[in-house]
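Chemist: Knowing the structure of chain A, use the given hints to seat chain B on it.
Number of protein chains: 2
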Amino acid sequence: MDKIVSLCKRRGFIFQSSEIYGGLASTWDYGPLGAELKRNLKEAWWRSNVYERDDIEGLDASILMHPMTWMASGHVTSFEDTLADCKSCKKRFKVEHLVKNKCPECGGDVTEPRQFNLMLKTYLGAVENEASLTYLRPETAQGIFVNFQNVVNASRKKIPFGIAQIGKAFRNEVTTGNFTFRSREFEQMEIEFFVKPGTDEEWYKKWVEDRFDWYIKFGIKKENLRKRPHEKHELAHYAKSCTDIEYKFPFSTKGARLPDGQGSASGGGWSELEGIANRTDFDLKQHMNLSTKDLQYFDEETRERYIPYVIEPSGGIDRSILAFLTDSYREEKVKDEKRVVLGLHRKLAPIKAAILPLLKNRDEIVKIGKSLAADLRKSMRVMYDDTASIGRLYRRQDEIGTPYCITVDVESLTDKKVTVRDRDSMKQDRVSLPQVKEYLLEKFE
Amino acid sequence: MDKIVSLCKRRGFIFQSSEIYGGLASTWDYGPLGAELKRNLKEAWWRSNVYERDDIEGLDASILMHPMTWMASGHVTSFEDTLADCKSCKKRFKVEHLVKNKCPECGGDVTEPRQFNLMLKTYLGAVENEASLTYLRPETAQGIFVNFQNVVNASRKKIPFGIAQIGKAFRNEVTTGNFTFRSREFEQMEIEFFVKPGTDEEWYKKWVEDRFDWYIKFGIKKENLRKRPHEKHELAHYAKSCTDIEYKFPFSTKGARLPDGQGSASGGGWSELEGIANRTDFDLKQHMNLSTKDLQYFDEETRERYIPYVIEPSGGIDRSILAFLTDSYREEKVKDEKRVVLGLHRKLAPIKAAILPLLKNRDEIVKIGKSLAADLRKSMRVMYDDTASIGRLYRRQDEIGTPYCITVDVESLTDKKVTVRDRDSMKQDRVSLPQVKEYLLEKFE
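Line by line, the protein sequences give chains A and B. Numbering (the working numbering) for the first sequence: -6 to 438. Numbering (the working numbering) for the second sequence: -6 to 438.
Bound conformation, chain A alone (with noise of 0.2 Å):
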């Protein structure tokens, strides 16, 4: 894990929030390797989940929101952690991990325990007052939720049929930690999949498959990830059923999280990387309740009208980075050399090719160089790098994972090809000059 971290901040994949003011905690950013990584796992997350599917559709919901919703979801009343503050060495702690009554850390004496909401709060407006409160949304599958009429209205879509949206919720986390595994500012990538009732059992079925399949096809190993079903005290007020997909991280995490299923963890460094549950009515009929509108779906062809059952694949995006990060980086010996790599799926991989010119001070093989970057980059994200040797320059590829390395070298300027050398195997294939282009569109096909 430290040899992660140190990565992350050296090759600029994720930075502390805030560094220069000695950080705020538990929040980060994403450096500009970090930056792309984040962008092709949410591309290939929409592509899998809305484009290449005929039922679902994308939304795009504000993280502020009506304050009303989280009374109907619960949240207002419900969501919170027992904490107690140790009196001898004033840290704070969850009821759960107070060693009988006492402080874990000191061994001191412990206060009553407190209820802790953990909604962040703001102030719309002009006067901070409980008319004004609004909250940072903790999730985003509320935003869903409150759309849900106008989406069936403007799509047209028909029952089974979901919702997808990728982007920020924020929790008052009181136990943070584990580098960008639970931070206070998250992105989630969410699918409310509105179904019959009668249905749901067996779409949720689907969908436990269907998210666990989709974590292996982008490189996560087997043996690194498995199904949990949650026993049954351990389900949310709203779930009937719920599975999280955990990944085997090299950390040990404890502390389950509820009703929210982002964090739960059954130790061991097994720990939520998404959360399937089947919510069945509850939110849709909460809404309907408070808001007093009809957010009844219409059944054209059986003439019925019913409150959709959902079922709901919800995954953390800033943890999903991590998983791939920690099971992707590999060690290994190249010619008594240790050589790092980062195995990234080639959709996942921040840079896609890199061009490495052999002679830096050759005017002709730096014009070939160049002239190639430039016209790959109108197809994918590439890197032009000439500040080192070769070897060098391969190393800082290997161990940011990128898929392809180009070298242009003497023999280019006569036989007008390059050298195109394979991230895992290491082999190299002479490629004409302007086949290139293609080559490595195919290989990412």
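Derived by calculation from the structure, the hints in this document are not laboratory data. Nothing false has been slipped in among the hints.
In the SDA-like style, the derived pairs of lysine to any residue whose C-alpha atoms are separated by at most 20 Å in a straight line are:
id: 1; chain 1: A; residue 1: Lys363; chain 2: B; residue 2: Arg149
id: 2; chain 1: A; residue 1: Lys199; chain 2: A; residue 2: Glu45
id: 3; chain 1: A; residue 1: Lys2; chain 2: B; residue 2: Lys150
Chain B regions said to be covered by chain A (calculated; three or more residues, Cβ under 8 Å):
id: 4; segment: -2 to 8
id: 5; segment: 28 to 36
id: 6; segment: 54 to 62
id: 7; segment: 109 to 118
id: 8; segment: 128 to 139
id: 9; segment: 361 to 372
Beyond 12 Å from chain A on every Cβ pair, some chain B residues (computed):
id: 10; residue: Lys93
id: 11; residue: Asn94
id: 12; residue: Asn354
id: 13; residue: Val403
If you're wondering where the values come from, they're calculated on a predicted model, not measured in any experiment. All C-beta atoms, glycine included, are put in the ideal place defined by N, C-alpha and C.
Modeler: Same frame as chain A, now just chain B:
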């Protein structure tokens, strides 16, 4: 304007946030089509500025930042409106909107003017006090400045180079309105371009041209776009020069907003889409002073150490979307019938192609249509619609800007061809089924 607002709601571009609860003032949700349009716009901007250039890196910083950031930027002390309340009707106004110190609505007396900070506050941690106070970023720019040194170190970029970022920002606006033009939650696309002092005005001019051309390239009509250099007295405290790229919106706007650039307007519909400012070394200097970290750049060639100047092209995504929607909207007469067309640039159009089977009861026709749709879905966003007559189906696609409609008819069964209709010319091509994908992909190149 009313037509745009109504189209946006009806077809699922933009909904009022939390509408079932009466809405949350000045926040908006992007529906299925709006979410795609926004994705496409962001992608186009990112491609133009990050992928296709070799001198810009991306970044994705958090919304929550260390509060010292906003001390350094000047937002804590001077990001304010001066407001007064009407004693009769209790409404609140900016002082510059008062009429001879009387309420502009009811003519009543007003209170003494008060300063009102425009940043949204929140509290991190269990206690709400000065120590836990932080803000939702009012601009994305500062996330770039505090990471300047991190990005230089990780990316080895040499000046001149820029850092690009897309992300949400928040302002506690008092006067909001004009649909999505000014909202409390909005998204920015910003570049901070770092240059050597002395070359700053030259780069500033380049960026003004570059950004102006970008809007034209993606379809904004020249007569609706203009550059408006700021007068000396309009300049923000950090700016040496600034030019707004203004779009002629179909509404009248007034009220300059300083010192931020997200809302100045010169009346007559002409309003800011993007501001390009020469921010000098103001921000880096401020952060250097407050953090006591050395944020100077070391030029290896000249062995000089200096604080770079910054050129900032800062665009608003929501108001750009509004401009692209407004600008592309047209009504035509076709055979005595009104045709509403959203002539969006192909890269921006939410749906790239619609598959419309002429006879939905003929299984073979439906089969061809669905299989074509499934094939195209791997490469682009497509829609399959068979729920109305062909005339109506065309109209539906025209008004959401779909560049190509593909009809499957009885002849398709024998000649294995389909008809591809161009949105703008309404010309029809007969294309053989296995060629359709390539035919379309070529059009989108």
